[in-house]
Amino acid sequence: MTATNATPRMRILHGFGPSFLLFLLFIALWYLTSEVFLPDHKQFLLPRPDVVLTDAFFVWDAGQQRGMRNILSALWNTSQIALIGLLITSVIGISLAFLMSLVPWIGRASWPYLVALQAAPIIALTPLIRALIDNTTSQRLLVVILISFFPISSATYFGLTTVSSTLHDLFTIHRATRWQRLSKLQIPHALPAVFLGLRTSAGLAVVGAVVGDFYFRQGGRVGIGAQIDLYRAQLWGPDMIAAVIVASSLGIVLFIFFSWLSRRLVGHWHKPTVQ
Amino acid sequence: MTPDTLLSLAGVSRSFDTRNTVLSDISFSVASGEFVSIVGPSGCGKTTLLRMITGLDAPTSGTITTSARSTQLLFQEPALLPWRTLRGNVALHRDLASAGTSNKEIEEVIGAVGLFEHRDKYPHQLSGGMKMRTSLARALLTDSDLFLFDEPLSAIDEITRESLQDLLVSLHRERTLTSLFVTHNIAEAVYLSDRILVLTPSSHNITQISHQIPIVFEVSRKAESRFTKEFADFCRQVHTALKEGVA
Chain A
1 MTATNATPRM RILHGFGPSF LLFLLFIALW YLTSEVFLPD HKQFLLPRPD
51 VVLTDAFFVW DAGQQRGMRN ILSALWNTSQ IALIGLLITS VIGISLAFLM
101 SLVPWIGRAS WPYLVALQAA PIIALTPLIR ALIDNTTSQR LLVVILISFF
151 PISSATYFGL TTVSSTLHDL FTIHRATRWQ RLSKLQIPHA LPAVFLGLRT
201 SAGLAVVGAV VGDFYFRQGG RVGIGAQIDL YRAQLWGPDM IAAVIVASSL
251 GIVLFIFFSW LSRRLVGHWH KPTVQ
Chain B
1001 MTPDTLLSLA GVSRSFDTRN TVLSDISFSV ASGEFVSIVG PSGCGKTTLL
1051 RMITGLDAPT SGTITTSARS TQLLFQEPAL LPWRTLRGNV ALHRDLASAG
1101 TSNKEIEEVI GAVGLFEHRD KYPHQLSGGM KMRTSLARAL LTDSDLFLFD
1151 EPLSAIDEIT RESLQDLLVS LHRERTLTSL FVTHNIAEAV YLSDRILVLT
1201 PSSHNITQIS HQIPIVFEVS RKAESRFTKE FADFCRQVHT ALKEGVA
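Top line first, the protein sequences correspond to chains A and B.
For the first sequence, position 84 (counting from the first letter as 1) is numbered 84 according to the working numbering, and the numbering increases by one without interruption.
For the second sequence, position 99 (counting from the first letter as 1) is numbered 1099 according to the working numbering, and the numbering increases by one without interruption.
You can take every hint at face value.
Below 20 Å or equal to it, Euclidean Cα-Cα: the simulated SDA-like pairs (lysine to any residue) are: (1) A:184 / B:1120; (2) A:184 / B:1101; (3) A:184 / B:1095; (4) A:184 / B:1098; (5) A:184 / A:268; (6) A:184 / B:1088; (7) B:1121 / A:265; (8) A:271 / B:1125; (9) A:271 / B:1121; (10) A:184 / B:1094; (11) B:1243 / B:1232; (12) B:1121 / A:189; (13) B:1121 / A:264; (14) B:1222 / B:1170; (15) B:1229 / B:1185; (16) B:1243 / B:1202; (17) A:271 / B:1088; (18) A:184 / B:1087; (19) A:271 / A:15; (20) A:271 / B:1124; (21) B:1121 / B:1077; (22) B:1222 / B:1169; (23) B:1121 / A:270; (24) A:271 / B:1126; (25) A:271 / B:1120; (26) B:1121 / A:263; (27) A:184 / A:98; (28) A:184 / A:165; (29) B:1243 / B:1042; (30) B:1243 / B:1201; (31) A:184 / B:1082; (32) B:1121 / A:268; (33) A:184 / B:1097; (34) B:1121 / A:266; (35) A:184 / B:1124; (36) A:184 / B:1096; (37) A:184 / B:1100; (38) B:1121 / B:1111; (39) A:271 / B:1122.
Hints in this document: simulated from the structure, not taken from any laboratory.
The following block holds chain A by itself, in its conformation from the complex:
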């Protein structure tokens, strides 16, 4: 039976079945690592999944900044930094990509630095960021921007500059103006790539925000990165694992949101090879 003539139940199984199987495998591996591979004196580093559920996810507020109330509060703080950073990254990254595609010499000049930015170990720059910027929020935002900048700018640039020469010729024959070529050809053509870049940048923005929490926390409210660091220092394994899972879920939620937005806006004509 193929996916096209399958019943709705079969389609759901076809769509989510493999992921669910992998999830079960992951949980089994987790149990195995926690109970078998790790020696007894190190098991606190990776408590069993059921212990994480009962000792962290099912506890609302255990004081000393433990429990889901504190984890979610820290997540909210990190989310704000990630989202604002992602917004700034998107505006600057997409604008730069437009500029690079419109003015070829700017494209040629900027591209090596974009690649270098992607390759740079941002964590190593934290002392410099601290020395240059006083405000903690600005420091954290800068880390988010530096980490998430490459995917959105490069994907947009790629989308704008890879229109087929035949379509460009078509617009030339129809005597399109530069603005028409951009608005009716290059921008629509770039949209799927822009959404792909946004999905990747969104995940990296969360990573950047968590990294920022780790290194820049003085004076500001506590983000989830700082919370994870606290749990690690106190050897509160279940809370640490729960906080890591919650932080990851923020990236997943953003990924799902941009995938949904992409399907809504370009899904009716853009059919990616791999769904």
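Assemble chain B onto chain A, guided by the hints.
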């Protein structure tokens, strides 16, 4: 250039570098309402010739003169915008030129190529033949009076190709189109054309026009004309001209 000449090429040559001349001393003209085909082996410069006529490329020497209002080129591929529906693709020129084309005119031209019930579909929902018809409708909606075809039917199956050839013949008749049609399919050229130019590479792969063959059927051409002795004779004549040129 005589009054009824719409396109004239005089001594047109194109080289891509000093050692690589592709087209040499190409001269011919196309009268208003005439359907002229150019046949020749792959890579002999047929596409380059069309690109020069549309202004997408410039000749190294020689002159191209046209009195056409504007020129449309149909590419080897349909060149549709995947984010626009069939109707949106056909209306592209109106959107770009802010032309006063009415919705009724758009629907009429979509009907003329037989795609009215598919007008709200996106390109990925259309077959190869439908895409090419869409591309043709888009060209017809412009105010162009000279149509250049760059092997537009080469990637289409035989049956669809024949129905598109019939469509071109009827459109040519009804709208008195002036067309320059590039193909490497001899039968297609014979069926569609009033005249066939044979492009053949001579020494050092320099392409020139070796023969001009007028195609005049005793009776008006229709689908059955493909199976007549007269049709076969014309095909043989073009085939011989191509062989002679290559030899």
